[in-house]
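**Student:** Single-letter residue listing:
Number of protein chains: 2
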Amino acid sequence: MTTARKLHRIEGEFMMQNGSIMDPVIAYETWGNLNFLKDNAVLLFTGLSPSAHAASSTLDQSNGWWEQMLGKGKPIDTDTYFVICINSLGSCFGSTGPTSTNPATGIRYGIDFPVVTIEDIAASGQAVIEAFGIKHLYAVIGSSMGAMTALAHTVLYPHVAKGLVSISGNGRSEPFSIAIRSLQREIIRSDPEWKNGLYNTSPVMGMRLARKLGMLSYRSATEFKQRFGRERVPEERQTGDSFDIDFEVESYLDAHAKKFTGTFDANCYLYLSRAMDLFDIADHGGSVVKALSKVGAQRVMIIGVETDLLFPLHQQEELVEGLSTAGREVHFHRLSSLQGHDAFLVDMDQFRPLICDFFNCTMNQPGQLHSI
Amino acid sequence: MTTARKLHRIEGEFMMQNGSIMDPVIAYETWGNLNFLKDNAVLLFTGLSPSAHAASSTLDQSNGWWEQMLGKGKPIDTDTYFVICINSLGSCFGSTGPTSTNPATGIRYGIDFPVVTIEDIAASGQAVIEAFGIKHLYAVIGSSMGAMTALAHTVLYPHVAKGLVSISGNGRSEPFSIAIRSLQREIIRSDPEWKNGLYNTSPVMGMRLARKLGMLSYRSATEFKQRFGRERVPEERQTGDSFDIDFEVESYLDAHAKKFTGTFDANCYLYLSRAMDLFDIADHGGSVVKALSKVGAQRVMIIGVETDLLFPLHQQEELVEGLSTAGREVHFHRLSSLQGHDAFLVDMDQFRPLICDFFNCTMNQPGQLHSI
Numbered sequence: 038m039t040t041a042r043k044l045h046r047i048e049g050e051f052m053m054q055n056g057s058i059m060d061p062v063i064a065y066e067t068w069g070n071l072n073f074l075k076d077n078a079v080l081l082f083t084g085l086s087p088s089a090h091a092a093s094s095t096l097d098q099s100n101g102w103w104e105q106m107l108g109k110g111k112p113i114d115t116d117t118y119f120v121i122c123i124n125s126l127g128s129c130f131g132s133t134g135p136t137s138t139n140p141a142t143g144i145r146y147g148i149d150f151p152v153v154t155i156e157d158i159a160a161s162g163q164a165v166i167e168a169f170g171i172k173h174l175y176a177v178i179g180s181s182m183g184a185m186t187a188l189a190h191t192v193l194y195p196h197v198a199k200g201l202v203s204i205s206g207n208g209r210s211e212p213f214s215i216a217i218r219s220l221q222r223e224i225i226r227s228d229p230e231w232k233n234g235l236y237n238t239s240p241v242m243g244m245r246l247a248r249k250l251g252m253l254s255y256r257s258a259t260e261f262k263q264r265f266g267r268e269r270v271p272e273e274r275q276t277g278d279s280f281d282i283d284f285e286v287e288s289y290l291d292a293h294a295k296k297f298t299g300t301f302d303a304n305c306y307l308y309l310s311r312a313m314d315l316f317d318i319a320d321h322g323g324s325v326v327k328a329l330s331k332v333g334a335q336r337v338m339i340i341g342v343e344t345d346l347l348f349p350l351h352q353q354e355e356l357v358e359g360l361s362t363a364g365r366e367v368h369f370h371r372l373s374s375l376q377g378h379d380a381f382l383v384d385m386d387q388f389r390p391l392i393c394d395f396f397n398c399t400m401n402q403p404g405q406l407h408s409i
Numbered sequence: 038m039t040t041a042r043k044l045h046r047i048e049g050e051f052m053m054q055n056g057s058i059m060d061p062v063i064a065y066e067t068w069g070n071l072n073f074l075k076d077n078a079v080l081l082f083t084g085l086s087p088s089a090h091a092a093s094s095t096l097d098q099s100n101g102w103w104e105q106m107l108g109k110g111k112p113i114d115t116d117t118y119f120v121i122c123i124n125s126l127g128s129c130f131g132s133t134g135p136t137s138t139n140p141a142t143g144i145r146y147g148i149d150f151p152v153v154t155i156e157d158i159a160a161s162g163q164a165v166i167e168a169f170g171i172k173h174l175y176a177v178i179g180s181s182m183g184a185m186t187a188l189a190h191t192v193l194y195p196h197v198a199k200g201l202v203s204i205s206g207n208g209r210s211e212p213f214s215i216a217i218r219s220l221q222r223e224i225i226r227s228d229p230e231w232k233n234g235l236y237n238t239s240p241v242m243g244m245r246l247a248r249k250l251g252m253l254s255y256r257s258a259t260e261f262k263q264r265f266g267r268e269r270v271p272e273e274r275q276t277g278d279s280f281d282i283d284f285e286v287e288s289y290l291d292a293h294a295k296k297f298t299g300t301f302d303a304n305c306y307l308y309l310s311r312a313m314d315l316f317d318i319a320d321h322g323g324s325v326v327k328a329l330s331k332v333g334a335q336r337v338m339i340i341g342v343e344t345d346l347l348f349p350l351h352q353q354e355e356l357v358e359g360l361s362t363a364g365r366e367v368h369f370h371r372l373s374s375l376q377g378h379d380a381f382l383v384d385m386d387q388f389r390p391l392i393c394d395f396f397n398c399t400m401n402q403p404g405q406l407h408s409i
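Protein chains in written order, with my numbering: chain A, 38 to 409; chain B, 38 to 409.
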């Protein structure tokens with residue numbers, strides 16, 4: 038993958054949750070400097086599809102997927118914090134996953150890669166910070182799948198992170214989101230080009246259709262209504278085929294889906310998608326409430342979005358209730374963004390001040406700019 | 038199709054909205070008797086996939102898709118009303134559609150069938166009642182796509198229906214539901230077995246995947262959570278393939294999808310799905326409000342369901358507002374059913390008394406049974 042050479046990596050023996058012993062590479066990027074006390078580190082886990090390139094850095098000056106949130110003078114100010122973002126185990130941007138060579142066979146793992154769990158990804162993040170000699174994190178943070186991973190991390194390693202930021206996350210997958218992801222995976226696996234995971238060229242059609250279904254679950258009907266209404270694509274872009282793209286909303290989904298299919302590996306998608314279904318924090322204690330009582334972080338921020346179909350607000354409320362009961366200091370924000378599950382990537386005006394507040398940033402708040 | 042021989046049919050020249058002249062067969066079923074004044078008829082339009090077999094009848098004693106709502110002593114009491122349900126033009130249960138033989142070529146139409154609109158389906162229903170010499174309907178009624186059709190009917194033929202019942206319907210498709218249906222169609226068209234509509238055996242895989250996406254849009258996340266939680270299928274039904282069915286919700290969707298693929302033709306699905314996208318009542322007057330002022334029915338019942346993702350409640354509210362402004366007597370019911378868009382097929386306890394009330398039925402109401 039193109040960004041891999043720009044990444045730092047660690048390697049080392051690692052036992053996965055299903056018992057497999059691996060020797061994986063974990064790719065990561067960092068921003069800022071680790072201080073002498075090694076107490077200013079922030080560990081950032083990603084959603085399903087991003088790489089470790091969360092923001093531009095000296096290694097890679099291109100914009101990252103959370104460019105507005107991370108950097109000098111930004112909400113997570115890298116003049117203050119040493120931020121580490123890892124590429125999830127099982128992904129395809131430098132970390133070991135289904136696209137890597139299986140040392141036992143000398144060929145690509147494909148679907149012979151062991152089952153990946155959210156706990157495995159959390160453990161691989163822990164391995165990275167241990168390689169830095171970091172014993173305590175200022176916070177562990179993540180959004181979507183990354184929020185699941187951050188939660189798993191603070192339960193598995195309760196003495197490490199002092200803070201937890203969970204954005205549009207949950208403690209376990211519910212059947213509606215499982216059903217959506219299961220259908221995405223079946224669409225990919227039904228593409229004849231998938232070839233039971235042994236493709237040489239990507240199953241582009243399956244990936245494109247799965248991504249479109251993803252987009253439907255990541256955004257909201259209200260946003261679509263406001264953005265697209267019943268607008269048709271201009272005549273010069275119509276093909277005359279009555280089943281081809283006609284409405285602007287169809288064109289939008291098509292453009293996004295085509296962009297995605299070139300960047301993400303199909304088998305990696307299957308593995309990480311499945312990891313989200315399998316995750317249930319209740320596995321760590323017998324119930325959600327008991328598991329949440331094991332969260333090590335004392336200061337917690339939970340953010341949820343009212344229009345999120347995939348990680349609905351009652352799931353963030355479940356975390357807030359459990360963590361409050363367990364005596365943690367919980368800051369809960371329910372946002373009215375229209376952008377659904379994707380809001381944390383888009384609606385910066387609502388997210389920026391909250392992240393800034395948690396990380397005590399000194400940037401001007403929108404309200405302060407106009408104060409008299 | 039198996040039920041076609043049990044249906045009544047009309048034939049006759051017919052100009053479709055796109056200008057094509059056809060000589061279609063319109064299949065229908067009836068229940069009850071048309072009275073001497075011919076003023077007790079009810080015209081029922083269906084959703085996308087049902088046949089005209091709404092309830093058991095002397096012609097076909099098997100249960101119909103709205104068995105509990107239609108018949109002797111039922112909410113639409115066939116001792117009082119003469120009910121006609123038509124199989125939509127473009128469908129595959131006896132009416133002319135893509136599976137019919139194109140007289141110009143001697144072979145199946147496939148995707149050479151003209152574009153079908155909701156207005157065409159409404160017109161074909163009108164042709165059926167005219168064949169009976171019916172000038173006035175007690176009511177026109179429909180759910181989902183059938184509700185769109187019923188609305189189109191009372192706008193196109195304002196002097197015919199005295200009443201309108203619109204269940205989980207709308208005045209036009211919004212981009213989120215267009216996007217879902219567009220993706221369903223693309224999934225079907227991407228199945229190599231579809232062969233540009235010239236398949237000999239059904240594109241089963243595409244139909245199954247499209248149906249699963251349909252199920253996700255027809256039900257609700259809350260219902261799935263209550264019914265399935267994170268239940269796994271028993272070990273004896275697991276295949277060991279980690280991407281195969283594991284959760285009960287996946288098994289449920291798979292069973293429903295397999296059932297559907299045997300009964301509905303893929304090209305018919307494409308045509309009727311597209312008809313829903315194209316429908317915009319505003320085409321009849323320049324705006325939704327102006328179009329609704331042309332509704333002929335004076336007495337209207339609108340029913341919507343809070344958990345409906347595909348025809349969300351604000352769409353029924355739009356109808357209620359427009360029709361109230363236009364001076365119609367509007368009865369609006371917003372139901373809290375968990376079954377989403379499918380509630381009218383499932384949550385009979387909530388729908389039965391409303392339909393009964395509109396049709397002045399004499400059946401015992403649940404409340405009355407226990408009155409003191």
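Hints were generated in silico from the structure; no laboratory data involved.
Possibly wrong hints are sitting among the right ones.
Since the list can't tell identical chains apart, any single copy or any two copies may satisfy a pair.
Subject to a maximum C-alpha distance of 27 Å in a straight line, what follows is the list of computed DSSO-like cross-link-like pairs (lysine-lysine) [unchecked claim]:
1. 232 x 295
2. 331 x 262
3. 295 x 262
4. 262 x 75
5. 331 x 75
6. 262 x 327
7. 199 x 109
**Student:** Against each hint, give a clear statement of whether it holds in the structure.
**Tutor:** Cross-check of the supplied hints:
{"no.": "1", "hint": "232 x 295", "verdict": "both (21 Å within a copy, 22 Å between copies)"}
{"no.": "2", "hint": "331 x 262", "verdict": "between (42 Å within a copy, 25 Å between copies)"}
{"no.": "3", "hint": "295 x 262", "verdict": "within (22 Å within a copy, 33 Å between copies)"}
{"no.": "4", "hint": "262 x 75", "verdict": "neither (48 Å within a copy, 43 Å between copies)"}
{"no.": "5", "hint": "331 x 75", "verdict": "within (24 Å within a copy, 73 Å between copies)"}
{"no.": "6", "hint": "262 x 327", "verdict": "between (41 Å within a copy, 21 Å between copies)"}
{"no.": "7", "hint": "199 x 109", "verdict": "within (22 Å within a copy, 69 Å between copies)"}
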